[in-house]
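Participant: Residue strings, one per chain:
There are 2 protein chains.
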Amino acid sequence: MDAIAYVREICAAARDSAAHLALTQGRQRDEALISCAAALRAQSDHIQAANRKDLLAAADANISKAMMERLTITDKSIQAMAGAIEQIARQVDPVGVTIAAYDRPNGLRIEKRRTPIGVVCVIYESRPNVTADAAALCLKSGNACVLRGGKEAINSNLAISAAMHEGLAAAGLPAGAITVIDSTDRAVVPALCKAQGLIDLIVPRGGESLIRAVVEDALVPVIKHYMGNCHVYLHADADEKRSVDIVLNAKCQRPGVCNAMETLLVDSAAAQRLLPVVAKKLADAGVELRGCPRSRQLVPDMKPATEDDWRTEYLDLILAVRVVDGLDEAIAHINKYGSGHTDAIVTRDIEAARRFAAAVDSASIMVNASTRFSDGGEYGLGAEVGISTDKLHARGPMGAEDLTTYKWIVTGQGHVRG
Amino acid sequence: MDAIAYVREICAAARDSAAHLALTQGRQRDEALISCAAALRAQSDHIQAANRKDLLAAADANISKAMMERLTITDKSIQAMAGAIEQIARQVDPVGVTIAAYDRPNGLRIEKRRTPIGVVCVIYESRPNVTADAAALCLKSGNACVLRGGKEAINSNLAISAAMHEGLAAAGLPAGAITVIDSTDRAVVPALCKAQGLIDLIVPRGGESLIRAVVEDALVPVIKHYMGNCHVYLHADADEKRSVDIVLNAKCQRPGVCNAMETLLVDSAAAQRLLPVVAKKLADAGVELRGCPRSRQLVPDMKPATEDDWRTEYLDLILAVRVVDGLDEAIAHINKYGSGHTDAIVTRDIEAARRFAAAVDSASIMVNASTRFSDGGEYGLGAEVGISTDKLHARGPMGAEDLTTYKWIVTGQGHVRG
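Chains A and B, in that order, are what the protein sequence lines are. Heads up, the first sequence is in my numbering, so the first residue is 1 and it goes up one at a time. Heads up, the second sequence is in my numbering, so the first residue is 1 and it goes up one at a time.
Keep in mind the hints are simulated off the structure, nothing from the lab. Among the hints, erroneous ones may be present.
Same chains, same label: a pair holds when it works inside one copy or across any pair of copies.
Claimed, not checked - Okay, derived cross-link-like pairs now, DSSO-like style, lysine-lysine, Cα gap no bigger than 27 Å in a straight line:
hint	residue 1	residue 2
1	Lys76	Lys151
2	Lys336	Lys112
3	Lys241	Lys65
4	Lys76	Lys65
5	Lys194	Lys336
6	Lys336	Lys65
7	Lys53	Lys151
8	Lys281	Lys241
Computed from a predicted structure; not experimentally measured.
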C-alpha cells in the first residue's frame, strides 16, 4: 500500500476511536492508564527483547553513542515509563471542565467547556519513552494518537504500544486510541503533514531539520520548538553562591538537552565580582568559554566569541559569555538572539526580576532557578508531549490539558436573533 | 520596493511596537481605545469621503450589490465601530492574568501568566469595519496588528487607521501598533504568510479560496474557518413553536452569513408533526427546499436533494432537509457533512441535549437557540477578530482573550536540578 493510502487508513481508524474517547468518562480513561502501566511492567522482558533487536541494528548502523543511550530500554526505564503513566492517571481530568460560563442580558446561557482535540500526531526520533509518554497524555485528555518514532526504535515502539493495547482492552477502549506507525517508509511523514481533516495537530520532536521539514509540508496545525538557545543573566545584584550554582547546573548537569544554558550574560556592574569565580568553576568542569572582549579582559583564557556564538545551541560543554550594561541590554540580547525557550535571571532585586519576566519574550522565565527546570515533569505535568516555543495554543512544556480544546455550548429557551 | 522587503519593513516596525505594548498597563491601552473611538466619530466626514472614493471605483468595476453593501460606510456604521471599540475598552484586561500558580514539592513557585501574542496579521475582504474591530481587539490584548484588507476598501481602511493613530498618539502609544497595509500588490499576502519570526499569527477572513491560499503558503500559524455548513436538528421531543421560530430565524434572518442554517434535520418520530408546518413557513418566506425521499413524502413540493446538498454552504434562501432516525443519526450526519462551525438541537429532553452537545464536534452547539447567535458580539466578546473552526488555540468567535498567549514564570531561591 502506498504511504498516503496507509496514512488515510490508520488515521480514519484513529478518528473513529477519537469519537469513542470523546464520550468516555475520565474514570474509564484513568483505569486504562493504570492497566497500561501494569502491562508495561508485565511485558518488561518482551519489550527489552524487542529493544535488543533495535540496539543490534543500531550497532550495525554505527549509530552515535549518545543515540544508543537514548535508544536503550532498561528495567529502570520501564519503571520510569510506568510511573509517569500512573502519575498522569492520578491527575485531575482536564476534559469536561467549564472554562467560563455566564448569562447574557437576553437570558442566553453561554458555556465554554473543555473537550479533547481529536487525533494528535507526534513525530519523534529515537527515544522510545516518548511513545509511552505521548500515548498516555493523549489518552488522559481523550485524544487518539498516531505516533511516528524514528526507524531505529520501531521494534521497541511497537512492543510498548502492544503492551498499552492490553491496557486499553482491559478498560474497554478501542486499540485505535494508540497507533504506532508500523512502517519506516519516509513518505509517511509528508502524508501525515497533509492529512487535513484526519489529524488535528502534529507535534514534531527532534532536530531542527526534522521540524523545519514538517512545518514546510504541514497543512495540519503544528506545535513545535526548533531549539533551545537558553540564557542565564547575572544581574548587578546577583548573589555569588546562587550565581555559581545556577550557572554550573544550567550548563553542566545535562549539556545535550534543549533547556541547558548556551549563553551567559553578566552585568557589567557585577562582572568583576562574579565572572572570574564563575569562569573558574566552569573551566574546572571542562566547559570551553567563548567571550566578548570585556569578558576576556576579566578572564583572559577565554576564546573570543563571534556573532555566530550568540545564536548557537551547542548542546555541548561550550558556553558563550557576554558582559552587558544593565538589565535592558540583557533583555535586548535575549530577545534578539534567543529562541524563546527558557531564560533565567539571578538577582536579589524584586523590580529587576519583575521587569525581566515581563520583557523577555520566552516560554519560560526562571528567577533564581536553573534553566534545567523547564520541563513538564518539573512543572508537575507528569510528562510532556513536547515543548512549544510557538505562542499559539500552548507555550513551554505541554501536558494533558494542552491537548484539549473547548466548545461553546449555548442554551436558550427558543431564542432567536432580532 | 518589492513586496517581501515592504512586508519585512512594516512587520519589523510592528514588532518594535509589540515589544512596547507588552510592557504597557491595561489602563493605557483602554485610554487609547477610548481616544480611537472619539477620533473615528470626529473624522466621520473624512472617513466617509475616503469611502466614497472606494465606492466610485467599485461601481466602475461592476462589483456585486452585496459587496457594495458590505463596503459602504454610513454615519450609523461609524457609530457602530466606535461603540464596539468602547465596549472592548470596558472589558477586563486579559493581559497579566494568572491562569495557574502553585508551589512544587521542592519549593519552586510555578506561575502561568497571560501575555500578548506579539504581532497579529488579519487578512480580509471588503468590510471596512473589520479594520476597526481587529485593531481594537489587538490593542486591547497588547498586540500590534498588521491589517491587509481587500483592495476595493483601501481608502476606507487607511482613513480608519489614520483616525485610530490619533487615538494611539493621545495615549502615548506608537503608530506601529496599528498598520493598514498601504499596497494592493498581490505579492504582499504570500510574503505575509512566510514572515516567520516577524508575525506570530495570521487570521484570514473571507471566502474559502482566500483561506486555502493562505493555508497553503503559510509558515506562520493560521487560525481560520473555511465555511459554515450549520445544522438545526428537530429532536423527537421538540416544541413546535420553538422549532418554527428557530428554523425560520436560522435560515432567513440573514442567509448570506456563515452562521445561517444550511441543512435541517428532522427526527422521524417528529417529522409528521413538525415538517409540514415548518416547510410551509419556510416556503412562505421564499426558501427553496431540497429534501431527502422521506421528507418529500411529507412535503411533496420539495425538490430532491443530492449528496452534494448535504455539503453545500448555500449562503442563500435554499435549505437541504433530511429526516433522520433518532439522535445518533443526526449526530453522525452533522459530524460527517458539517463544517464544525455551529449546530443546533431543538428539544425538551435534557438527556438528548446533553448527548448532542457532547458528541457533535463543532465550535458552537446551540440548545433551543438559533445558530445566528454564534457571534463574538452575542457571546459578549465586544467584537470578533474572526471565527475559528480549527481546534488549536481558539475555537468559535475569537475575542481579545484569544489574542493572548502565556508564559511560565518560575521562581526559586537558587534552585538547581539534581
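Participant: Which of the listed hints are not met by the structure?
Facilitator: Checked against the structure, the hints that fail are numbers 3 and 6, while the rest are satisfied.
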